[in-house]
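S.K.: Listed in order, the protein sequences are those of chains A and X.
Note that numbering that gives the first Met the number 0 has the first sequence beginning at 0, numbered continuously upward.
Note that numbering that gives the first Met the number 0 has the second sequence beginning at 0, numbered continuously upward.
Hints were generated in silico from the structure; no laboratory data involved.
C-beta: ideal position from N, C-alpha, C; glycine also.
Misleading hints may appear alongside valid ones.
As the list claims (entries may be wrong) - The following residues of chain A were derived to be distant from chain X, with all beta-carbon distances above 10 Å:
1. 6
2. 27
3. 34
As the list claims (entries may be wrong) - According to the in silico footprint, chain A covers these stretches of chain X (three or more CB under 8 Å from chain A):
4. 28–34
5. 37–48
6. 56–69
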Amino acid sequence: MAKVRTTLTIDDVVLRAVKVRGARTGKGDSHVIEEALRRDLGLDLLDRLWQADDLSEAEAMELAVEAQHETRPSH
Amino acid sequence: MRAVLDPSVLISALLSQRGAPAQILLRWLRGEFELVASEALPAELGRALAYPKLVTSISANDAAEFVDLLRESAAVAPDPTEPPSRSTDRGDDYLLALAEQERALLVSGDQHLLNLTDRFPIVTPRAFLDTLLAAD
Numbered sequence: 000m001a002k003v004r005t006t007l008t009i010d011d012v013v014l015r016a017v018k019v020r021g022a023r024t025g026k027g028d029s030h031v032i033e034e035a036l037r038r039d040l041g042l043d044l045l046d047r048l049w050q051a052d053d054l055s056e057a058e059a060m061e062l063a064v065e066a067q068h069e070t071r072p073s074h
Numbered sequence: 000m001r002a003v004l005d006p007s008v009l010i011s012a013l014l015s016q017r018g019a020p021a022q023i024l025l026r027w028l029r030g031e032f033e034l035v036a037s038e039a040l041p042a043e044l045g046r047a048l049a050y051p052k053l054v055t056s057i058s059a060n061d062a063a064e065f066v067d068l069l070r071e072s073a074a075v076a077p078d079p080t081e082p083p084s085r086s087t088d089r090g091d092d093y094l095l096a097l098a099e100q101e102r103a104l105l106v107s108g109d110q111h112l113l114n115l116t117d118r119f120p121i122v123t124p125r126a127f128l129d130t131l132l133a134a135d
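Okay, chain A solo, but in the shape it has when bound (with noise of 0.2 Å):
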C-alpha cells in the first residue's frame, strides 16, 4: 500500500504516548499512529477477518441471509 506525508495537529499529550509506546516497542511514531487508526477505523478488523475468507460472494451472501432470518425474533 502506497505511503503518504501528511502533517497532523493532535495533542501534545497524545503525542508523547505515541513516543512512549515507539520506544517501548522499537517502533517508529508514524507506525504506531498507523496501527492505533487502523485499529479505531476497523481495518484491522476486515483484514483478520478476511485471512480465513473461504467463501464465494454468493456463498457468503446465501449464509448472511439464513442468519438475519432465522435470528429475527419473529421467527
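We have chain A already, so just place chain X on it with the hints.
M.R.: Coordinates of chain X only, in the frame set by chain A:
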C-alpha cells in the same frame, strides 16, 4: 450518496473479501458514500452475527467490534415508527421505511426485497458497487 445496507450485505462483506459487499464496505470506510443506520439495524446485525453457523468464521469479539464500528461511524437516523407492511417478510419492512425516511438507496441481496425493486429504490450490491465505480 446515502445508502442503507441490509445487515445481510454487511455480514456477507465480512465473510468474503472477493465480493461486491466487501468492496462496498471498504468504499464506505474511504468515505465514498454515507451509510445510514438506525438503532434497529446494528441490533439486528448483532443478533445475526451470533448465528451458530457464523461464529466459526466471526468470533463474538470481532462481531461486537464490527457492530460498534457501525454504531460509531454510520450516520445515525431515528428508527422508523410502525413501518408499513410491504415485504413478504415483515422483518424487512424497517429497512424499507428507513431508506424511504432518509431518502437513501437500500442495498440488499435478499430476494424478498429485490422483488420490490419496481416500487422502491432497492439495488443489489453489484449494482451499487457499479454506481460507486462510475462516480470515481
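S.K.: State for each hint whether it applies.
M.R.: These are the hints, each one checked on the structure:
Interface exclusion of residue 6 (chain A) from chain X stands, the closest Cβ pair being 19 Å apart, more than 10 Å. At the 10 Å boundary, the C-beta of residue 27 (chain A) stays outside the reach of chain X, the nearest C-beta of that chain being 24 Å off. Non-interface status of residue 34 (chain A) relative to chain X is upheld: no Cβ of that chain comes within 10 Å, the nearest being about 15 Å off. Counting residues of the stretch 28–34 of chain X whose beta-carbon sits less than 8 Å from any beta-carbon of chain A gives 1, not enough to reach three: the coverage restraint is violated.
Counting residues of the stretch 37–48 of chain X whose C-beta lies closer than 8 Å to any C-beta of chain A gives 4; at least three are required, and the coverage claim holds. Only residues whose beta carbon comes within less than 8 Å of a beta carbon in chain A count, and the stretch 56–69 of chain X has 6; three or more means the coverage holds.
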